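Chemist: Now for the letters of each chain:
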Amino acid sequence: MSDNNAIEDQRPELLPLDAWHRAKGARMVPFAGYEMPIQYDGIVAEHDWTRESASLFDVSHMGQLSLIGPDGDLERAARELEKLLPGAVTSLTPGRMRYSLLLTEAGGVIDDLMITNTGAQLTLVVNGACKWDDIAHLREHLPDEITLTHYDDSALLALQGPKAAEVLDALVPGVAALTFMSAAAFDWEGTSMWVSRAGYTGEDGFEISIHRSRVEELAEALTADDRVRPAGLGARDSLRLEAGLPLYGHDLDQDIDPVTADLVFALSKKRRETGGYLGHSAITARLADAGANTLAQRRVGLLLDGRMPAREGAEVFAGDRKVGRVSSGGFSPTLGRPIAMAYVEAARATEGTALECEVRGRRLPATVSAMPFVPHRYFRGS
Amino acid sequence: MPRYFTEEHEWIDVEGDSATVGITDYAQEQLGDIVFVELPQVGVEVVKGKDAAVVESVKAASDVYAPISGEVTEINGALEDDPALVNSSPEDEGWFFRLTVGDKSELEGLMDAAAYKAFAESA
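First to last, the sequence lines map onto chains A and B.
The first sequence: position 93 = 93 (the working numbering), numbered continuously.
The second sequence: position 64 = 64 (the working numbering), numbered continuously.
Just to be clear, a hint being listed does not mean it is correct.
Unchecked claim - Now the in silico label distances, taken between C-beta atoms and shown as ranges: (1) A:His376 - B:Glu80: 32 to 40 Å; (2) A:Thr367 - B:Val47: 21 to 29 Å; (3) A:Gly306 - B:Lys117: 48 to 56 Å; (4) A:His376 - B:Glu108: 55 to 63 Å; (5) B:Glu93 - A:Arg363: 45 to 53 Å; (6) B:Glu45 - A:Ala354: 49 to 57 Å; (7) B:Glu93 - A:Glu358: 27 to 35 Å; (8) A:Gly275 - B:Glu80: 53 to 61 Å; (9) B:Glu93 - A:Glu105: 57 to 65 Å; (10) B:Glu80 - A:Arg272: 44 to 52 Å.
Everything labelled a hint here was simulated from the structure, so no lab data went into it.
Predicted model, so just to flag it, every value in this text is computed and none were measured.
Glycine included, each C-beta is placed from N, C-alpha and C at the ideal position.
Please work from the sequences and hints to get the whole structure.
Modeler: Right, dumping it as structure tokens:
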């Protein structure tokens, strides 16, 4: 979900599915320290297919970690992890997962991540470009008796789209009973895999963690179904942008706090009061700012007129006054117009505010818009 | 009508003192789905090797350079409503702009179709 120039200067690693991607016609690019497929047939075709059927994304670059306390003490691991992030982990019941943020003392975002209580341990899925720093951060702050395991032998596939459930359930009976942000272990032809009903496209779908030795067979089995086609990072980026989901390294970094990033939902209400986590005092101050309308900036969505996209780094204006900067932007295939996320002065962050983005000396009219730009279609139960 | 190619994957058709410029099939294939083309204004003097237009694909903006210097005399208005013409017909209906040919010696050093084909295949 992010990139990092320092990592890209080194020779990229190969994904377990590297040869499979190339055989499928993928164009490979360096990303987060890996050679990754950016597209196969074309970004718009893959984007549209995800919205209407189902796409298979390889997200094996992401870090898959687990935490457990002494003698299998999950509760202890949860308590210790809670000292490093603003979400409730101890209240996470087995089979449930939650989005959260690792924070600095100053309230900046070190990474965004998914935490799952598997019943036996806590698992974390973190951004590929951040995983080594995350491991160092966790190891530095967690007590020695908390065991941290990095599952670097596991691949991670995301099957996303409205037909993902019927496709996967035909192969792995029972997965369709999972609801959004729940997860369980399943057996697939003698191999155990961990299936989560989650993703980063705004569509219904699953993330499947499986040992790298079986991932090619699984990818083949999934794409043998005509409803599934492979999709690359390009479509993943345009889908998550339409879904209003921030991309670490672009929309989030260590200089941005969750209140400014409009991720207040990730700040557990109870823990805002009780605190006890790195960054809590800074977060408390930012929440007070937000309440008093003195927050400096806020992440917003922008809908642009015309067809010319405003991309990361484009400056945002209100009249002659510079009021912000685009953090990620592009052309929305679903809406047929450019969209962006930007950090703007909080006073200009109200939905409907007319602003302008400057691109190559031209001013493009833009309107502050609610996100997601395209409604989420998660499965929350029937 | 001779057609020349640049190492930056533009093509240029020369007809007397006028020339038509676009990007090659190889270039559009590399760029992917094109969503917007920013063309120069008619009357602007473009300079060989300098930015003349911008192509926006879903994922990125890319500069298009002038293969030779000259004054822009016409732009392809069809690209405003249908930028995907650059994908579907890059070397015909998806042309970008026409310009005057000031100095024919600037065409020396550009590639012909066979040389460009070999160049693109080795890229």
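Chemist: All the hints need checking, so say for each whether the structure fits it.
Modeler: Do the hints match the structure? See the list:
Take His376 (chain A) and Glu80 (chain B): their Cβ atoms lie about 33 Å apart, and the range 32 to 40 Å holds. For the pair Thr367 (chain A) and Val47 (chain B), the beta carbons lie near 37 Å from each other, so the given range of 21 to 29 Å is not met. Between Gly306 (chain A) and Lys117 (chain B) the CB atoms are about 36 Å apart, so this pair departs from the stated range of 48 to 56 Å. Roughly 58 Å separates the CB atoms of His376 (chain A) and Glu108 (chain B), a value that falls within the hinted 55 to 63 Å.
Separated by about 30 Å at the C-beta atoms, Glu93 (chain B) and Arg363 (chain A) break the suggested range of 45 to 53 Å. As the Cβ distance of Glu45 (chain B) to Ala354 (chain A) is approximately 35 Å, the hint placing it in 49 to 57 Å is violated. For Glu93 (chain B) paired with Glu358 (chain A), a C-beta distance near 32 Å keeps the hint of 27 to 35 Å intact. Under the hint 53 to 61 Å, the C-beta atoms of Gly275 (chain A) and Glu80 (chain B), about 55 Å apart, fit the expected range.
Against the hinted window of 57 to 65 Å, the Cβ-Cβ separation of Glu93 (chain B) and Glu105 (chain A) comes to about 59 Å, which satisfies the hint. The beta-carbon spacing between Glu80 (chain B) and Arg272 (chain A), approximately 50 Å, falls within the hinted interval of 44 to 52 Å.
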